[in-house]
Every structure is written in C-alpha cells, then in structure tokens.
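Based on the sequences and whatever the hints tell you, model everything.
Counted from 1, the sequence shown has number 7 at position 7 by UniProt numbering; the numbering is strictly sequential.
If you are wondering where the hints come from, they were derived from the structure by calculation, not from laboratory data. Owing to the predicted nature of the structure, the values given are computational and were not obtained by experimental measurement. Heads up, some of the hints might be wrong.
What the hints assert, rightly or not - Straight line, CA to CA, 20 Å or less: simulated PhoX-like cross-link-like pairs of lysine-lysine:
1. Lys97 with Lys121
2. Lys159 with Lys124
3. Lys76 with Lys66
4. Lys124 with Lys151
5. Lys124 with Lys158
6. Lys159 with Lys66
7. Lys151 with Lys76
8. Lys66 with Lys124
9. Lys97 with Lys76
10. Lys121 with Lys158
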Amino acid sequence: MIPHFQLEIKYIEGKRNVMADALSRAFEPSRAEKSENLDKAVTETVDAVTYAPTARVAAIEITPEKWRNELRTEPKFGDIFRYLQNEILPEEEDVRKTVLAEAPSFCVLDDDLFHVANDGKTTKVVPSQFRNDLLQDTHAGPLGAHMSACKLFELIRKKYFWPNLRADL
Numbered sequence: 001m002i003p004h005f006q007l008e009i010k011y012i013e014g015k016r017n018v019m020a021d022a023l024s025r026a027f028e029p030s031r032a033e034k035s036e037n038l039d040k041a042v043t044e045t046v047d048a049v050t051y052a053p054t055a056r057v058a059a060i061e062i063t064p065e066k067w068r069n070e071l072r073t074e075p076k077f078g079d080i081f082r083y084l085q086n087e088i089l090p091e092e093e094d095v096r097k098t099v100l101a102e103a104p105s106f107c108v109l110d111d112d113l114f115h116v117a118n119d120g121k122t123t124k125v126v127p128s129q130f131r132n133d134l135l136q137d138t139h140a141g142p143l144g145a146h147m148s149a150c151k152l153f154e155l156i157r158k159k160y161f162w163p164n165l166r167a168d169l
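Now the structure itself:
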C-alpha cells in the first residue's frame, strides 16, 4: 500500500513539533473541567471497585463485603474499626494506646472506615490487599489516566487513604 504514496519523512525538533505534542501530551484542563472530569473518572473507575455489587479490577473480584472483611482483619485498621463501631479495644496495652490516639482521625460511615483530615474531609480507607489494584486501575485501567506519580497521588488521595500512599507510587 505504501508504494502508492510518495512519502517524505522530515525530522522536526520536539519543541517545534506542536502537532505531535498535542496528540501525545495530556494538557491541564481548566479547574472546572478538571474537577468534573476527575470526579467522573474516579467515580467510574475507582469507586466502582468499592460500591458496585461486584467489580473486576486486575482480575480480582471485589465486593463491598470482601472490602470490609479485609479491612476488619488488618491489625491497625481492624482495631480502629472495632473500637469506633463497638467500643471494643485490643487487650495489648500498647495497641490500645495507639487505637485511642489514632481513632479521632477516623470515622465509620455506611459500615466503611474513613480517614478524617484536619480540614474535616473524609477519605475511604483502603485495605492493603486492594491498594496495588487500585493504583494499577487508576493509572492503566480501562478508564485510567496514565498520569505521573504526582498526579496519580493527588487523584487517589482525594477519595482514598492508606499509610504511606505516596511511597507506594
């Protein structure tokens, strides 16, 4: 098919090749577009993992029940969750002190554990088993944004929480 066309290949320096830049780069949308698009993308991709009756992410089936069960079995978050929901403290003195110190930074909403930031905003706590899947799906899933680690961090931290999120990127 190519022999029917007369092709001329020219090198154009990257800075001057604006057409390629427009096609290959994701430019910053306006603040209103960014907020609307990110909320929609997160809702369609990431929140589906936790709120849909059943969702598939990275070949793992995640249901709200599985999410909650994983969270409840984690040492740190399980203890905080049990304390906030049923006022049950761990038996070990040092763990009990940690739970009492950290519990004010968390709350339970709709049977899910949320982190409460200093400004009062809440973000859903992610069980360790699902963190990598959440990162992969947000970055490279069907509606993934293929963004830098910094932008990926900002997108995820608006809705989700886990210790050392930035380090996991």
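Taking the hints in turn, this is what the structure says about them:
Proposed proximity of lysine 97 and lysine 121 is contradicted: the alpha carbons are some 25 Å apart, above 20 Å. Our distance criterion of 20 Å between C-alpha atoms is met by lysine 159 and lysine 124, whose separation comes to about 6 Å. For the given pair, lysine 76 sits about 17 Å from lysine 66 by alpha-carbon distance, which is consistent with the 20 Å threshold. The hinted pair formed by lysine 124 and lysine 151 meets the criterion: a straight-line CA distance of about 19 Å does not exceed 20 Å.
Restraint check: the Cα-Cα separation between lysine 124 and lysine 158 comes to about 9 Å, which is no more than 20 Å; the hinted pair holds. Distance restraint check for lysine 159 and lysine 66: the Cα-Cα separation of roughly 19 Å lies within the 20 Å cut-off, and the hinted pair is therefore satisfied. Distance check on the hinted pair: lysine 151 and lysine 76 sit about 28 Å apart at the alpha-carbon level, beyond 20 Å; violated. At most 20 Å may separate the alpha-carbon atoms for a hinted pair to count; lysine 66 and lysine 124 meet this at roughly 15 Å.
Using a Cα cut-off of 20 Å, the hinted pair lysine 97 and lysine 76 holds, with the two alpha carbons roughly 12 Å apart. The hinted pair formed by lysine 121 and lysine 158 meets the criterion: a straight-line CA distance of about 9 Å does not exceed 20 Å.
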